[in-house]
Amino acid sequence: MKSAQPEEKSKSVFTDFDYTRFYHYSAEDLAAVLHPFGEWLKEARPAGYYLHGQALASAPTPRVKVRDGKTGQIRELLNLSSYNYLGVSYRPEVKRAAIEAIEKYGLGASGSPILSGTFDLHIELAEALADYKKTPAAILFPTGYSANVGFISAIMRSGDNIVLDQFAHASIVDGAILSKAKTLFFRHNNPLDLERKLANLSGKKLVIVEGVYSMDGDMCALPEIVEVCKRHGARILIDEAHSMFLFGPNGRGVVEHFGLEKEVDFHLGTFSKTLGGQGGYVCGSQELIDYVSGFGRARFFSCSLAPVLAAGLLAGIRIVEQEPQLRAKLWSNVAYLRRRFTEEGVDIGHSCSQVIPVMINDDVRVFPIGEKLQERGLFLQPVVHPAVTRHKSRLRIFVSASLSEQDLAEAVDTIADVLRQEGVCRR
Amino acid sequence: MSALTHYPYPFARAVIGFFELPIENARRILPEHVEPIEMHHGATVLSVSAFDFRLEGGFEYQQILMSVVVAPCIRDGVGDYPRSALYAFAAAASHHLAREEAASRWRLPQWNEDVTVVFEEREHSISAHAADAGGPILDLTVSDYRWEPESGFYQCLMADTSGLYMACFTVEGKQSEHEEGTGMLRLHDHPFNRDLDATEIDGAPIREVWIRNGAQIFDPLIRLSDA
Chain G
1 MKSAQPEEKS KSVFTDFDYT RFYHYSAEDL AAVLHPFGEW LKEARPAGYY
51 LHGQALASAP TPRVKVRDGK TGQIRELLNL SSYNYLGVSY RPEVKRAAIE
101 AIEKYGLGAS GSPILSGTFD LHIELAEALA DYKKTPAAIL FPTGYSANVG
151 FISAIMRSGD NIVLDQFAHA SIVDGAILSK AKTLFFRHNN PLDLERKLAN
201 LSGKKLVIVE GVYSMDGDMC ALPEIVEVCK RHGARILIDE AHSMFLFGPN
251 GRGVVEHFGL EKEVDFHLGT FSKTLGGQGG YVCGSQELID YVSGFGRARF
301 FSCSLAPVLA AGLLAGIRIV EQEPQLRAKL WSNVAYLRRR FTEEGVDIGH
351 SCSQVIPVMI NDDVRVFPIG EKLQERGLFL QPVVHPAVTR HKSRLRIFVS
401 ASLSEQDLAE AVDTIADVLR QEGVCRR
Chain H
1001 MSALTHYPYP FARAVIGFFE LPIENARRIL PEHVEPIEMH HGATVLSVSA
1051 FDFRLEGGFE YQQILMSVVV APCIRDGVGD YPRSALYAFA AAASHHLARE
1101 EAASRWRLPQ WNEDVTVVFE EREHSISAHA ADAGGPILDL TVSDYRWEPE
1151 SGFYQCLMAD TSGLYMACFT VEGKQSEHEE GTGMLRLHDH PFNRDLDATE
1201 IDGAPIREVW IRNGAQIFDP LIRLSDA
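As they're listed, the protein sequences go chains G and H.
If you're matching positions, the first sequence starts at 1 in this note's numbering and goes up one per residue.
If you're matching positions, the second sequence starts at 1001 in this note's numbering and goes up one per residue.
Next up, chain H with everything else stripped away, as it sits in the complex (with noise of 0.2 Å):
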């Protein structure tokens, strides 16, 4: 490892879904030259996450970030070839400290409001329940397969008015993966959701994640392009 530095955001809990997204929808998020991925002709990939973190000094909060799968980018400098890339394009915390930090250090667009995120955890499956003063934003369940420890390296690219930029991260944690389409995504009608339209998005997921104690380590954000 180089002598670099880099930031662990440790977590109880996180529950990913991945939903098919028409490439046309992508298209009006992603910025130039960024590509979304085809998972199949027409579709890309929507990412839809929620985590619980726990950072050291007790400091809790929660996240839910809305993510495009795009190609990865292979240049000098970038380090490892990931897993795969992730362009986000909304993010919301139920902290302002979380806020600032993810918009300042990382150049997360952020939803500027307080959101509570409420886990329901059962047997088999769990559920993200995301909410504003607003009215409910989106509800997220996956369900579980096999638990085993697991470590993928990814890139996450960020876009705001100064430019693009990307971070390298590692997301580590005992975790289960399948593609049995057995869970289930509710978008409200809500503005943190303007960037999609939902009517398009089939709501069972076509690969669900669910993390228990892990953590996400970035490395240090590279600066791609001016805006």
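If we strip away everything but chain G, and leave its shape as in the complex, we get (with noise of 0.2 Å):
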């Protein structure tokens, strides 16, 4: 055998990695990865990185200030990436009661829920959700993520068996680990890999899935997924945060959408996305309430949601309540931007909601098509690798009700524009 002449090897770039390269690593020092770390983010942060977590100076509104990642300076760009579906979290009502509440409890509720920290409003909210979802009861947690991991590790154990679709959120996957049972995960919204699956399970079996999906905006095969489960004797456990005061005839969700609000047991959601606040909770018998309130670790031992948040997310959900014309608005904002989406030929997905994916397709233009947006006054976000699969990169809306026409024209018009200077658009 003969070798070749040795030859130079390429100087790697900072799209040969992304953050989970640097996730696994072995060393003698806990410390070794930082450098790497870092010197690779030097290079991806300028390159486009940044467009991730710039901060804001005002409220969540059609209209939003934001500070540039790479020049400091404060813009107003068209916001087209806070979820606030609804767009009721800035409401005048939603304001007057967060402030009368924290007139009358202060900031936060200095205690665990099970201890110090349940308030009347805590009681009042959860009421008012179980009223809504017309469950007999609702239990509350500080935050979506800690509903999905509270309550997956209150309700499974070791030996106990849960099958996740493979897109599920971070939350559930953290959930299930938590629990420390076995853990399956089903290919995305796929009922026959769910069924190759379940064949194989005996003992407790919990199937979990979303309502909508949030990088591909489509919704959950919950018809198919429910005939499996109860073929197979799986419990399902739907996770409504993208879905939850959108869907349905009233909107409780895609349980509703469906009619299958009573072949689903468990329905878990959280108050930051369609009411723009902050929060999970689980809806279901009292039964299961007072079981998840005595093994909820991830809820017990947090603090209970200030009550500044209960205030306004009671007022929210009146006002969710009252007006379903904001649900109107909202399929009328999402259904301009899917028709006009088309007729300009850019690829938006197999979207079915309010979430949105602009298709580019490509790891490494992402970055600078995502720039150009900015500079062209357009505040959304690169979504790429591992967040979705390679190639699969795009650019995520939140439709929100508050976006007028106008801003929907604005939207598409820059989009398309930017796409067919790149050469990303079909026509």
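Just so you know, not all the hints are guaranteed correct.
Computed footprint of chain H on chain G; a stretch qualifies when at least three of its residues, placed anywhere within it, have a C-beta under 8 Å from a C-beta of chain H [stated by the list, open to error]:
(1) 27-35
(2) 168-181
(3) 388-401
Looking from chain G toward chain H, a few residues come up when the C-beta cut is under 10 Å (computed) [as the list claims (entries may be wrong)]:
(4) Phe17
(5) Arg21
(6) Phe22
(7) Tyr23
(8) Trp40
(9) Leu164
(10) Arg196
(11) Gln381
(12) His385
No wet-lab data here; the hints were simulated from the structure.
Note that the structure is a prediction, hence the values are computed from the model and not measured.
Quick reminder that beta carbons are idealized off the backbone N, C-alpha and C, glycines included.
Combine the two chains into a complex, taking the hints into account.
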């Protein structure tokens, strides 16, 4: 065997890596990864990663003041990045309720919910939520993340089985890990693969799905998944983080949209998305809520949701109940964007919700395209691997009912123009 | 580049598939202190590759290699930070000279029979069928996506009775890489696959790589620890 001449190795560039590649490492010093990660970040940040985590200097309204991550200057941009799907978080009623609560209760709850941290506002909020969801009871968590971690680890144990959609949120995965149950993943929204995974399991089985998936904006194939679960005796937990207050005739989520409210065992969600607040919840029977109250460690080893938030969320739920026209406006905005993007030849993937990915499908070019869009006045961030599949990078839009038709037209015109210049548009 | 010697292994084509592998299966394969990466809770990554080597001087041979994707090693003297690290636990080649070099120079665990690796190339996919006198070993298919010149720096860990070793290497070539899940792996009931529980490996790949006219360029072997 004969070897060729030695060759120069090409210098690696930041696009050779992503965050995950610095997660696993073996070394004699736990700080060994800091330097290579820092070196990578020195290249990655100015090349586009600075678009993530730019500081806001105003409320998350349709026009938002953002401190440019590159220049440090405050710029006013059209906001396509905040959840706040119904635009209630900055409504005068919500702010007034929060101000009154802070005058009455001060800043925080100053205690665990099972000791001194439960306030009358928390009880009122849980009751209002259960009433909205038409369930006997509800329980509150400080965040959506802790709702998943706390609920899953409260009800599942070592030796049990959890089967997750592969695109399940990190909080669901972390809850499964903490529960110590055997955890399997089925291919995204694929009832056949779920069937294969469930067929080999014995003992307690919990299948976890989301109402709307946050990266593609696609909806759970709930009827087929429910059918498979029933056949295999598996309980179902649905996380309606991106669908509660929006889907269904009364906004009770994807379960209501499909008429499957009674078929799904556990209903979980967050207040940070549609209501633009903070906190998580589980709705169900009183027995379930009592059990989770007793064993949901992520809840009772945390301080309660701040009363100021509970007050604002209560006001937000009242608005959502009394103003169904907000949902109608949101869906009208979504329909407008879908139509206009399709006309302009912009690829929006498989979205059927208010989460609309603008597909770039190029893990390198997505950053300069994101920069151009920001320079042209739009606030939206690139999403790259590992958050999405390799080569499926995109810019993700969260649509709000607060956006006017003029805002939407500006967004489509700007995005289509930039993508056309970049040769990404189909037309 | 340093004055160290480098060992290039040019190849006409390479077919690589990455598959979910239960962590418990990986731990049965890996030596102590070599940690599998966890792609998601309970699952690591199995890499199955087939290479069609064309060395200088006209020497041609084929190789199949199975690896577990493991945590990269960061310490003084092991080179740049790699894209990823592999622990190679099973290799087989079509020629005894290739096997001898792989075992003596690179400490790769070798299957001591000649294998035949037949590459079946179609317009948008390629299959590698490996077999020996004992029967078929594996069939691996990947599809293409977008072809681009690529160069990536990796680590390969190997162990034999004398210790744990590592070689850093660069892979260059015209490459297609994607995660569309269109390929396929079939592991036959063959002793080469004895370390794997085939019933727990999903035959649909999580990533597929196809490289044309490339080269593996190895840095010298580093001894990490005694056996």
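Quick rundown of the hints versus the structure:
1. 27-35: holds (count 4)
2. 168-181: Coverage by chain H holds here, the residue count being 3 at a Cβ distance below 8 Å.
3. 388-401: holds (count 4)
4. Phe17: This interface hint holds because 7 Å falls under the 10 Å limit.
5. Arg21: Holds, because the Cβ-Cβ distance from Arg21 of chain G to chain H comes to roughly 6 Å (cut-off 10 Å).
6. Phe22: With a minimum Cβ separation of about 8 Å from chain H (threshold 10 Å), the hint on Phe22 of chain G holds.
7. Tyr23: Nearest chain H Cβ about 8 Å off; hint holds.
8. Trp40: Holds, about 8 Å.
9. Leu164: 9 Å, holds
10. Arg196: Since chain H brings a Cβ to about 9 Å from Arg196 of chain G, closer than 10 Å, the hint holds.
11. Gln381: 21 Å, violated
12. His385: Because about 8 Å separates His385 of chain G from the closest Cβ in chain H, which is inside the 10 Å limit, the hint holds.
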